[in-house]
Amino acid sequence: MGKYQLGEFEEVVMLTVAILHGEAYGIAIIEEIEKRLNRGVSIGSLQTVLRRLEDKGYLVSQFGEATSVRGGKRKRYFTVTQSGRQVLENTKEQRMGLWNAITDVSFGKA
Amino acid sequence: MCHLEKPDMNQDRQPPQLLLRFFRWFCHPDYVEDIEGDLLERLNARVEAKGKRRANWFFFLEVFRLFRTQLIRSNPLEFLPLSKAYQSMMLATIRRMKREKGYALINTLGLTLGFTVVSLTQLYTAFERSYDSYIPNNHEVYRLEEKWTRNGETEQWAAIKAYLSPAMNRDYAGVRSTRLFKPYRKGMFRVGEKIFAPDHILYADSTFLEVFQWEVLVGSETGLLSEATSIVLTKSIAERFFGDEDPLGQVLEYRNRTFRVSGVIKDLPKNAHMKCEVLLPLSFNIRRWSERNLNDNNLYTYIRTGGVAMEDLSNQINKQLKHIEGYQHDLKSAGISCEIIPVPTADIHLEGKSEKQLAENGDQIAVDVIQSIGWFILIMSAFNYINLATSRQFNRSQEVAVRKVLGSDQLLIALQSFMETFLFCLLATGLSSLLTFLTVPYFNHFFDLTIANDLTGLLENVRQISIIALSIALISGIYPAFKLATIHPLRSLKLNAFYFTPTNKGKGWFSMRNMLTCIQLMVSAFTILCILIISKQLNFIENKDLGIDTNGLIVTPVHRSLDTEELELFKSKLYENSQINSASTSHTFPGRRFPFLTFKFPNLNRSGLVQPTEQDGSIWMRTLIGDHDVINTFGLDVVKGRDFTKRYASGDDPMEFIINEAAAEFLGLSDPVGETVVFTYDVEVPLEGKVIGVVEDFNYASLHNQIEPVIIFPSDRYQMYLSISFNSIQSNRAIRHTEEVWREQMGNVPFRYSILDDEFKSHYRSESHLKTLLSWLTIISILIAVVGLIGMSFYSMEKRKYEVGIRKVLGASVNSILRLNLKEYIRLALISNVLIIPVVVFFGRSWLDNFAYSVDLDLPLFVSGFVISFFVVLASVSFNVLKSTFANPTEMIDHR
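These protein sequence lines are chains P and U, in that order. Under numbering that gives the first Met the number 0, think of the first position of the first sequence as 0, with each following residue one higher. Under numbering that gives the first Met the number 0, think of the first position of the second sequence as 0, with each following residue one higher.
Hints were generated in silico from the structure; no laboratory data involved. One should not assume that every hint holds.
Estimated spans, in silico, between C-beta atoms of each pair [stated by the list, open to error]:
| # | chain 1 | residue 1 | chain 2 | residue 2 | range |
| --- | --- | --- | --- | --- | --- |
| 1 | U | Leu-437 | P | Ile-101 | 55 to 61 angstroms |
| 2 | U | Lys-49 | P | Glu-53 | 28 to 34 angstroms |
| 3 | P | Gln-61 | U | Lys-49 | 30 to 36 angstroms |
No experiment lies behind these values; they were computed from the predicted model shown. Note that the Cβ used here is the ideal one computed from N, Cα and C, for glycine as well.
Please put together the full structure from these sequences, using the hints given.
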């Protein structure tokens with residue numbers, strides 16, 4: 000069994016959850032991504048990824064307090080688990096390893 | 000502006016409830032709360048930023064993007080509002096379907112085929128039966144036909160004399176009537192510089208709209224044809240004539256007279272028994288008719304009863320008839336009577352058999368046969384389902400036994416099996432709707448129909464048929480369901496075999512299954528025999544010597560009369576091409592109706608051989624008026640006397656007549672040459688002449704009709720068509736040559752010809768439809784029977800597994816086992832073929848009665864039908880039978 004490779008969107012979502020630190024629920028994550036990365040995200044695609052990451056054990060979730068803004072529905076807050084942090088760091092290391100292997104010549108710098 | 004942007008919070012923040020309910024329905028219950036919260040929060044934010052409408056649109060998109068496999072309920076059964084017990088049963092059914100894919104496929108396909116066949120045949124027959132239903136209140140509209148009895152023989156005419164309609168309008172208040180006339184010669188319409196030749200022209204009384212109530216698109220509803228110079232067009236012909244211009248008030252020229260468009264009506268649908276593109280006032284034409292013509296059966300008279308009972312009305316008309324002009328003198332003669340018969344317009348297409356129909360009609364028997372075969376195929380597929388379902392229940396015996404041990408009662412088990420039927424039917428209905436939907440355009444194109452051209456009509460049809468099909472199929476689920484429920488739990492568990500509670504013991508070989516299979520085989524034997532009969536008859540028609548040579552003959556309408564010199568010049572130019580054999584003008588041509596005209600036979604009258612039916616001593620005879628080349632052009636054989644000489648009869652010369660053999664017999668003459676004939680139809684001075692020859696009998700109409708006496712003579716008064724006989728019809732150069740000569744002589748009148756063979760074939764339109772449809776139905780019915788037989792052979796071989804195994808152990812030969820195994824099927828095939836014979840004979844006879852000349856239903860036909868179904872049976876059971884025959888006996892007897 001090889002190690003699980005995070006997809007690009009999965010990585011973005013996990014990082015955003017980490018940034019929000021305890022305040023990460025659906026809409027907050029979407030707004031954060033839209034603000035920082037300037038890309039549109041639908042609730043459907045985000046929720047799919049969140050559930051998948053939760054299944055893998057990289058995220059955990061718990062319900063928060065009910066508020067009137069959301070028609071009395073509770074928010075579900077996500078936090079990154081230890082193994083989630085592990086996989087994020089692995090990903091980062093892989094990327095850095097790749098970056099370090101690039102010489103200036105590769106990009107055609109004269 | 001400010002007050003506009005301040006929305007009412009309670010009102011505007013309301014999310015679209017339907018979408019929300021949809022979301023709550025499909026979303027996984029664990030996720031529903033927080034995602035719904037997210038959705039609402041997003042919606043609120045968007046309402047403030049972008050307004051309610053755009054926010055709602057985004058909400059819609061978001062909800063649909065949430066419809067993903069990861070987020071919807073994991074168990075599809077939870078979507079259904081069912082209790083847990085039913086959910087478990089459903090699950091078991093779905094799992095079974097998944098496990099036995101082949102069985103599920105065969106069953107679904109069988110039912111789908113059955114449903115689709117029924118939908119298509121129903122659509123077809125419904126279309127054939129829907130003729131003239133487009134006329135509002137069409138049950139009030141009748142065509143008045145004349146039924147003549149002359150010396151014991153009756154004939155009915157679709158067209159009648161001119162006087163009845165005016166008399167009706169005068170005498171019967173509330174009853175509306177109108178007369179239609181179909182001109183023999185298609186005229187040309189000149190619009191500016193352009194010339195058009197529409198195919199379907201009718202002359203009508205100005206009251207036509209009161210009777211038919213056709214939809215008027217342009218112009219006033221009343222008095223569209225009240226002036227002698229008005230003309231009414233259908234929408235499509237108006238577009239052809241005038242393009243995008245407003246047609247109302249446009250001027251066009253027809254037969255050297257000017258007409259003004261007074262209205263445009265909707266195109267008549269394809270299921271109208273009459274074809275009409277242009278309507279001209281009858282008054283324009285009727286004035287030109289002589290007294291004689293008014294007496295002829297030329298006018299199609301339609302009435303709208305307006306609520307009066309038709310029976311009373313026709314009694315009154317028939318009582319009054321002898322006082323109505325035109326009907327008076329005939330009725331005085333002895334042995335001749337006339338009656339007016341009202342025919343409902345809706346019946347004309349399928350039942351109209353009278354002389355001189357407005358267009359080719361359909362065939363009631365063909366429609367009945369196709370409809371019943373459609374239903375029989377549905378029943379076949381239902382039987383198939385019963386057979387297959389019961390045979391596959393082997394695999395369920397243990398499951399059912401366990402359920403029973405755990406306390407299920409029979410009803411619940413039956414219900415479960417029933418649910419399976421329901422699922423299969425649902426699937427098949429869906430598939431067949433799709434299939435029908437996809438095939439209807441081809442079907443329409445192929446049979447030149449417009450069945451269910453619009454989506455809503457089609458959907459309505461599919462819905463109705465689905466309901467019927469579904470209920471039939473569900474009924475067929477009853478038997479296997481209750482059969483299964485009678486399983487004996489203990490023995491089934493112990494023996495790992497299908498073991499029924501012994502209530503249906505001792506039924507012998509003619510069990511329920513055998514009966515069902517037998518009926519299936521009967522249906523396929525029926526379709527096989529039907530197709531054999533029809534092919535035989537159509538082959539017979541194609542190969543029958545018609546007595547004329549239609550090969551290489553083309554016909555073109557002549558739109559204006561040519562005088563003798565013009566015609567001679569025309570013909571001599573045609574003959575410059577060596578491919579052209581002969582050409583002749585004529586009044587009609589073989590393949591079209593030969594009209595009845597009047598002749599007098601003075602000598603025969605005197606000797607009493609001919610009973611005159613008219614006051615002046617004339618009789619009516621079918622007539623072909625041509626020029627002196629007419630015999631040669633149509634390839635008729637002169638058997639006595641001689642052909643016409645190369646000249647036209649003018650007033651001074653004696654006329655020349657040629658009659659056919661049937662006429663000679665009718666006149667009672669063994670040697671008619673030299674007999675005096677007087678032509679009395681529509682002439683000031685009767686034209687006298689002699690019979691100069693006799694031609695062999697030839698089929699001038701379709702083989703539906705007997706050959707009648709025909710008299711032929713040349714005259715330049717009735718040039719309607721020009722027929723040209725080629726050495727070979729493929730001779731493009733000769734046709735091009737003809738076209739050139741035509742242009743030289745006729746100016747810019749377009750040259751449009753038809754091939755005579757096609758004219759003949761058009762008589763057999765409904766027969767060839769029947770043949771194609773039946774071929775498909777036969778294939779499908781055989782297919783369904785094959786599937787059923789495979790299922791049945793599997794079942795019975797499984798049941799006899801031990802028997803065959805023991806026989807083999809005891810030394811039975813492969814041959815004897817094969818015989819034993821096949822005996823049952825051969826017996827079934829034989830029985831079903833014998834039982835179906837009376838039905839086939841009944842339908843076959845009544846269909847063949849349509850033809851005056853038909854094939855016999857002989858023994859070889861039934862034998863070949865039997866051989867075909869025998870081989871079908873053999874081929875479909877052989878796999879299972881052979882498998883069982885050659886299997887290793889130890890495997891067969893061994894049961895774990």
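Okay, the hints, checked on the actual structure:
no., hint, verdict
1, U:Leu-437 x P:Ile-101: 55 to 61 angstroms, "holds (57 angstroms)"
2, U:Lys-49 x P:Glu-53: 28 to 34 angstroms, "holds (32 angstroms)"
3, P:Gln-61 x U:Lys-49: 30 to 36 angstroms, "holds (32 angstroms)"
Hint violations for this structure: none, all hints satisfied.
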